[in-house]
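Protein chains in written order, with the working numbering: chain L, 416 to 662; chain A, 94 to 178.
Derived from the structure by calculation, the hints contain no laboratory data.
Note that CB positions come from ideal geometry on N, CA and C, so glycine has one too.
Keep in mind that a hint or two might mislead.
[Said to hold, decoys possible] Partial pick of chain L residues on the chain A-facing surface, computed with a CB cut under 7 angstroms:
id, residue
1, Gln538
2, Pro541
3, Glu542
4, Gly567
5, Thr581
6, Tyr582
7, Met635
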Amino acid sequence: MLSRSERIALRVQEGVSHGLILLTYYSLEAWLRSRGYRIPDLRRVRREFETEMGPGPGPWLICANHLTLIDSLVIQWAMAPGWRLFLRRDRFAWNLPDRHNISRTWWLRVLGYIGKCVPVLRQGPPEEVRRTLEKAAFLLSGAQTVMIFPEGGRSRVGRVDRDQVTYGAGRLLLDVPGTQVLCVYARGVGQKDYGDYPRRGERFFIRAARLEAQTAMTGMRGARDLATQIVAKLSEMEAEYFEVVDR
Amino acid sequence: MDNTTAFGKVIDIIKPFVKNTAAFGTVGHETRIIEDLGVNSARLVDIILAFEDEFGIQVDDEAADRVRTLGDAVQMIMQKTAPAH
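The whole structure should be built from the sequences, with the hints applied where relevant.
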């Protein structure tokens, strides 16, 4: 259970983030574009997100594959334009990045704060991971959107890595009933392996699909079952991607 | 079930998840599952569920969090499988 001060801190962060969202969003979009990154057919991709998520309220748990440090930025860019996120603040997703990555420099820490990041210590003590998940559950219970990478980190094999799946996503679904799941497969077309940043000029393939994840199990078994369904869906989306690419 | 039997079964269950196989040759009760054996923390859930299946016990989240070493695992299993008085 989060303390009152922790809940207030998250609300303050949400407020600050919303106040700066246009500046944050368009600055980051400019940076992404300056590196030559593009999402071909961006309008169609955004329509896909709108169709899958519908106009109703959340909570939404966005579950994506993970290959580079900026996957969440690219996905957020693909989801909606900045003005739309200003109007629908609940659609500007919270992220759970690795604390080591987000605390490298002071400006990354600031960016992480206004970018709605709740750092998590990967491979950290279970109680600390649980604490982060409690924060994510609190945000979901307030109909917010949370983005999570069920593989627990960037895939070292360059593909959706079922062996590395963590069960945090499943636990969140159990802890916050009514949470809807949106699976997102995002990949630079030249991305062969995992890395820090996509190559300059990269074009991104992005697909979104809603998943009706269900389980009759509870506790750790239920969390595992749900997380396994999510990763299976991501694998399926990946297979579709490579089917098109290899054709 | 005695301590040694439980320890042996714990080792058998954890073995497939161990990355640091060199450390696996000198394990003891103090051996830390994540730090020393290189087990991915996400796989601890699989290990705990395997304990539940193997020993017919129920492990809640708090008890699972307390399992840091092989000795912790054995102690938890011994407590949960001990006949009630």
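Verification of the supplied hints:
1. Gln538: Check passed: Cβ of Gln538(L) comes within 5 angstroms of chain A, closer than 7 angstroms.
2. Pro541: Holds, about 4 angstroms.
3. Glu542: holds (5 angstroms)
4. Gly567: For Gly567(L), the interface hint holds, since the closest Cβ of chain A sits about 5 angstroms away, which is under 7 angstroms.
5. Thr581: Holds: closest Cβ of chain A sits about 4 angstroms from Thr581(L), inside 7 angstroms.
6. Tyr582: holds (5 angstroms)
7. Met635: With Cβ-Cβ at 5 angstroms, under 7 angstroms, it holds.
The earlier numbered hints are all upheld by this structure, with none contradicted.
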